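Visitor: All chains should be modelled from the sequences, with the hints used to inform the complete structure.
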Amino acid sequence: MTVQLLNINQPLQSHKVRRILLVEDHYLNRMLLSDYLSYCGYEVQGLSEGSAFFSTIEKFEPDLMLLDLKLPDIDGYSLLKQVQQKPDVSKIPIIVVSAFAFKADQELALSLGACSYFVKPLKLKDLILAIEEQLTYRHR
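Numbering (my numbering), first residue to last: 415 to 554.
Derived from the structure by calculation, the hints contain no laboratory data. Keep in mind it's a predicted model, so treat the numbers as computed, not measured. Accuracy of the hints is not assured; some may be wrong.
Lysine-lysine pairs mimicking DSBU-like chemistry, simulated, CA-CA at most 30 Å apart [said to hold, decoys possible]: (1) Lys534 - Lys495; (2) Lys473 - Lys495; (3) Lys517 - Lys500; (4) Lys473 - Lys539; (5) Lys517 - Lys534; (6) Lys505 - Lys517; (7) Lys539 - Lys495; (8) Lys430 - Lys500; (9) Lys495 - Lys537; (10) Lys505 - Lys534; (11) Lys539 - Lys505; (12) Lys473 - Lys500; (13) Lys505 - Lys484; (14) Lys473 - Lys517; (15) Lys517 - Lys537; (16) Lys495 - Lys505; (17) Lys534 - Lys500; (18) Lys484 - Lys539; (19) Lys517 - Lys495; (20) Lys495 - Lys484; (21) Lys430 - Lys517; (22) Lys539 - Lys430; (23) Lys500 - Lys484; (24) Lys537 - Lys430; (25) Lys473 - Lys505; (26) Lys484 - Lys534; (27) Lys473 - Lys430; (28) Lys537 - Lys484; (29) Lys505 - Lys430; (30) Lys517 - Lys539; (31) Lys484 - Lys517; (32) Lys484 - Lys473.
Okay, the calculated beta carbon distance ranges per label pair [stated by the list, open to error]: (33) Gln498 - Phe474: 32 to 40 Å; (34) Glu546 - Glu475: 18 to 26 Å; (35) Pro501 - Lys534: 29 to 37 Å; (36) Lys473 - Pro535: 29 to 37 Å; (37) Val431 - Glu521: 13 to 21 Å; (38) Tyr441 - Ile488: 14 to 22 Å; (39) Lys517 - Asp540: 12 to 20 Å; (40) Lys539 - Met445: 13 to 21 Å.
All residues carry an ideal CB built from backbone N, CA and C; glycine is no exception.
Guide: Structure representation (C-alpha coordinates):
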(Lines of atoms letter the chains of each structure in order from A; the text may use other names.)
(Lines give C-alpha, C1' and ligand atoms only; values in the text may rest on other atoms or scores of the structure.)
Protein backbone atom coordinates (compact mmCIF):
# COMPACT_ATOMS: atom_id res chain seq x y z
CA MET A 415 0.00 0.00 0.00
CA THR A 416 1.30 3.44 -0.93
CA VAL A 417 0.47 6.51 1.10
CA GLN A 418 0.90 10.03 -0.23
CA LEU A 419 1.15 12.73 2.41
CA LEU A 420 -0.19 16.22 1.83
CA ASN A 421 2.37 18.94 1.51
CA ILE A 422 1.53 21.68 4.05
CA ASN A 423 1.90 24.30 1.30
CA GLN A 424 -0.57 22.52 -0.96
CA PRO A 425 -4.24 23.46 -0.48
CA LEU A 426 -6.81 20.70 -0.32
CA GLN A 427 -8.44 20.25 -3.70
CA SER A 428 -11.94 19.82 -2.27
CA HIS A 429 -11.84 23.01 -0.19
CA LYS A 430 -12.84 26.18 -2.00
CA VAL A 431 -10.97 29.17 -0.67
CA ARG A 432 -13.46 31.83 0.37
CA ARG A 433 -12.83 35.36 -0.84
CA ILE A 434 -13.27 38.40 1.37
CA LEU A 435 -13.25 41.98 0.14
CA LEU A 436 -11.95 44.22 2.93
CA VAL A 437 -12.77 47.93 2.58
CA GLU A 438 -10.82 49.84 5.23
CA ASP A 439 -9.09 53.20 4.79
CA HIS A 440 -6.71 52.95 7.76
CA TYR A 441 -3.56 51.26 6.45
CA LEU A 442 -2.54 49.49 9.65
CA ASN A 443 -6.06 48.19 10.36
CA ARG A 444 -6.35 46.95 6.77
CA MET A 445 -2.99 45.18 6.84
CA LEU A 446 -3.49 43.56 10.25
CA LEU A 447 -6.99 42.36 9.43
CA SER A 448 -5.93 41.18 5.98
CA ASP A 449 -2.99 39.23 7.43
CA TYR A 450 -5.17 37.65 10.09
CA LEU A 451 -7.88 36.65 7.59
CA SER A 452 -5.24 35.21 5.25
CA TYR A 453 -3.79 33.25 8.17
CA CYS A 454 -7.29 31.88 8.81
CA GLY A 455 -7.43 30.58 5.24
CA TYR A 456 -9.33 33.29 3.38
CA GLU A 457 -8.25 35.00 0.18
CA VAL A 458 -8.39 38.72 0.91
CA GLN A 459 -8.50 41.75 -1.38
CA GLY A 460 -8.09 45.07 0.41
CA LEU A 461 -9.36 48.49 -0.66
CA SER A 462 -8.50 51.79 0.99
CA GLU A 463 -11.39 53.74 -0.55
CA GLY A 464 -14.75 53.16 -2.14
CA SER A 465 -14.05 54.41 -5.66
CA ALA A 466 -12.99 50.95 -6.92
CA PHE A 467 -15.60 49.09 -4.85
CA PHE A 468 -17.87 47.81 -7.63
CA SER A 469 -15.13 47.15 -10.19
CA THR A 470 -13.24 45.14 -7.57
CA ILE A 471 -16.37 43.14 -6.75
CA GLU A 472 -16.78 42.33 -10.44
CA LYS A 473 -13.16 41.17 -10.82
CA PHE A 474 -12.54 39.55 -7.42
CA GLU A 475 -16.02 37.99 -6.94
CA PRO A 476 -15.97 37.99 -3.12
CA ASP A 477 -18.02 35.59 -1.02
CA LEU A 478 -18.28 38.21 1.74
CA MET A 479 -17.38 41.86 2.31
CA LEU A 480 -16.08 43.68 5.37
CA LEU A 481 -16.89 47.37 5.17
CA ASP A 482 -15.71 50.36 7.19
CA LEU A 483 -18.27 53.17 7.21
CA LYS A 484 -15.80 56.07 7.24
CA LEU A 485 -13.89 56.19 3.97
CA PRO A 486 -12.03 59.14 2.45
CA ASP A 487 -14.06 59.38 -0.75
CA ILE A 488 -17.53 58.05 0.15
CA ASP A 489 -19.28 56.97 3.31
CA GLY A 490 -20.11 53.33 3.82
CA TYR A 491 -23.82 54.05 4.12
CA SER A 492 -23.83 55.29 0.52
CA LEU A 493 -22.10 52.10 -0.59
CA LEU A 494 -24.66 50.01 1.29
CA LYS A 495 -27.48 51.90 -0.49
CA GLN A 496 -25.84 51.36 -3.88
CA VAL A 497 -25.34 47.65 -3.17
CA GLN A 498 -29.07 47.22 -2.54
CA GLN A 499 -29.78 48.56 -6.04
CA LYS A 500 -27.64 45.84 -7.66
CA PRO A 501 -29.33 42.41 -7.37
CA ASP A 502 -26.19 40.35 -7.97
CA VAL A 503 -24.10 42.32 -5.50
CA SER A 504 -26.82 42.54 -2.84
CA LYS A 505 -26.62 38.74 -2.41
CA ILE A 506 -23.08 39.05 -1.01
CA PRO A 507 -23.12 39.33 2.80
CA ILE A 508 -21.65 42.54 4.20
CA ILE A 509 -20.28 42.81 7.72
CA VAL A 510 -19.67 46.37 8.87
CA VAL A 511 -16.53 46.98 10.93
CA SER A 512 -16.59 50.57 12.18
CA ALA A 513 -15.48 52.92 14.92
CA PHE A 514 -19.03 54.35 14.97
CA ALA A 515 -20.31 52.95 18.26
CA PHE A 516 -23.74 54.59 18.44
CA LYS A 517 -26.78 52.34 18.27
CA ALA A 518 -28.28 54.59 15.56
CA ASP A 519 -25.25 53.90 13.31
CA GLN A 520 -25.66 50.17 13.81
CA GLU A 521 -29.40 50.28 13.16
CA LEU A 522 -28.94 52.33 10.00
CA ALA A 523 -26.26 49.99 8.60
CA LEU A 524 -28.39 46.92 9.32
CA SER A 525 -31.46 48.55 7.77
CA LEU A 526 -29.38 49.22 4.63
CA GLY A 527 -28.51 45.54 4.21
CA ALA A 528 -25.51 44.83 6.43
CA CYS A 529 -25.87 41.41 8.02
CA SER A 530 -23.70 42.16 11.04
CA TYR A 531 -22.03 45.12 12.76
CA PHE A 532 -18.80 45.19 14.76
CA VAL A 533 -17.40 48.18 16.64
CA LYS A 534 -13.64 48.73 16.65
CA PRO A 535 -11.61 47.59 18.41
CA LEU A 536 -13.07 44.19 17.66
CA LYS A 537 -12.53 40.70 18.93
CA LEU A 538 -11.09 38.78 15.99
CA LYS A 539 -12.51 35.46 17.18
CA ASP A 540 -16.04 36.93 17.15
CA LEU A 541 -15.48 38.34 13.68
CA ILE A 542 -14.32 34.96 12.34
CA LEU A 543 -17.39 33.30 13.88
CA ALA A 544 -19.65 35.86 12.18
CA ILE A 545 -17.85 35.37 8.85
CA GLU A 546 -18.18 31.60 9.06
CA GLU A 547 -21.84 31.89 10.03
CA GLN A 548 -22.57 34.07 6.99
CA LEU A 549 -20.59 31.90 4.59
CA THR A 550 -22.26 28.73 5.87
CA TYR A 551 -25.72 30.32 5.69
CA ARG A 552 -25.10 31.67 2.20
CA HIS A 553 -23.83 28.38 0.75
CA ARG A 554 -26.56 26.06 2.01
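Visitor: Decide, hint by hint, whether the structure agrees.
Guide: We went through each hint and held it up to the structure:
{"no.": "1", "hint": "Lys534 - Lys495", "verdict": "22 Å, holds"}
{"no.": "2", "hint": "Lys473 - Lys495", "verdict": "21 Å, holds"}
{"no.": "3", "hint": "Lys517 - Lys500", "verdict": "27 Å, holds"}
{"no.": "4", "hint": "Lys473 - Lys539", "verdict": "29 Å, holds"}
{"no.": "5", "hint": "Lys517 - Lys534", "verdict": "14 Å, holds"}
{"no.": "6", "hint": "Lys505 - Lys517", "verdict": "25 Å, holds"}
{"no.": "7", "hint": "Lys539 - Lys495", "verdict": "28 Å, holds"}
{"no.": "8", "hint": "Lys430 - Lys500", "verdict": "25 Å, holds"}
{"no.": "9", "hint": "Lys495 - Lys537", "verdict": "27 Å, holds"}
{"no.": "10", "hint": "Lys505 - Lys534", "verdict": "25 Å, holds"}
{"no.": "11", "hint": "Lys539 - Lys505", "verdict": "24 Å, holds"}
{"no.": "12", "hint": "Lys473 - Lys500", "verdict": "16 Å, holds"}
{"no.": "13", "hint": "Lys505 - Lys484", "verdict": "23 Å, holds"}
{"no.": "14", "hint": "Lys473 - Lys517", "verdict": "34 Å, violated"}
{"no.": "15", "hint": "Lys517 - Lys537", "verdict": "18 Å, holds"}
{"no.": "16", "hint": "Lys495 - Lys505", "verdict": "13 Å, holds"}
{"no.": "17", "hint": "Lys534 - Lys500", "verdict": "28 Å, holds"}
{"no.": "18", "hint": "Lys484 - Lys539", "verdict": "23 Å, holds"}
{"no.": "19", "hint": "Lys517 - Lys495", "verdict": "19 Å, holds"}
{"no.": "20", "hint": "Lys495 - Lys484", "verdict": "15 Å, holds"}
{"no.": "21", "hint": "Lys430 - Lys517", "verdict": "36 Å, violated"}
{"no.": "22", "hint": "Lys539 - Lys430", "verdict": "21 Å, holds"}
{"no.": "23", "hint": "Lys500 - Lys484", "verdict": "22 Å, holds"}
{"no.": "24", "hint": "Lys537 - Lys430", "verdict": "25 Å, holds"}
{"no.": "25", "hint": "Lys473 - Lys505", "verdict": "16 Å, holds"}
{"no.": "26", "hint": "Lys484 - Lys534", "verdict": "12 Å, holds"}
{"no.": "27", "hint": "Lys473 - Lys430", "verdict": "17 Å, holds"}
{"no.": "28", "hint": "Lys537 - Lys484", "verdict": "20 Å, holds"}
{"no.": "29", "hint": "Lys505 - Lys430", "verdict": "19 Å, holds"}
{"no.": "30", "hint": "Lys517 - Lys539", "verdict": "22 Å, holds"}
{"no.": "31", "hint": "Lys484 - Lys517", "verdict": "16 Å, holds"}
{"no.": "32", "hint": "Lys484 - Lys473", "verdict": "24 Å, holds"}
{"no.": "33", "hint": "Gln498 - Phe474: 32 to 40 Å", "verdict": "20 Å, violated"}
{"no.": "34", "hint": "Glu546 - Glu475: 18 to 26 Å", "verdict": "19 Å, holds"}
{"no.": "35", "hint": "Pro501 - Lys534: 29 to 37 Å", "verdict": "31 Å, holds"}
{"no.": "36", "hint": "Lys473 - Pro535: 29 to 37 Å", "verdict": "31 Å, holds"}
{"no.": "37", "hint": "Val431 - Glu521: 13 to 21 Å", "verdict": "33 Å, violated"}
{"no.": "38", "hint": "Tyr441 - Ile488: 14 to 22 Å", "verdict": "18 Å, holds"}
{"no.": "39", "hint": "Lys517 - Asp540: 12 to 20 Å", "verdict": "18 Å, holds"}
{"no.": "40", "hint": "Lys539 - Met445: 13 to 21 Å", "verdict": "19 Å, holds"}
Hint check: violations occur at hints 14, 21, 33 and 37; the rest are consistent with the structure.
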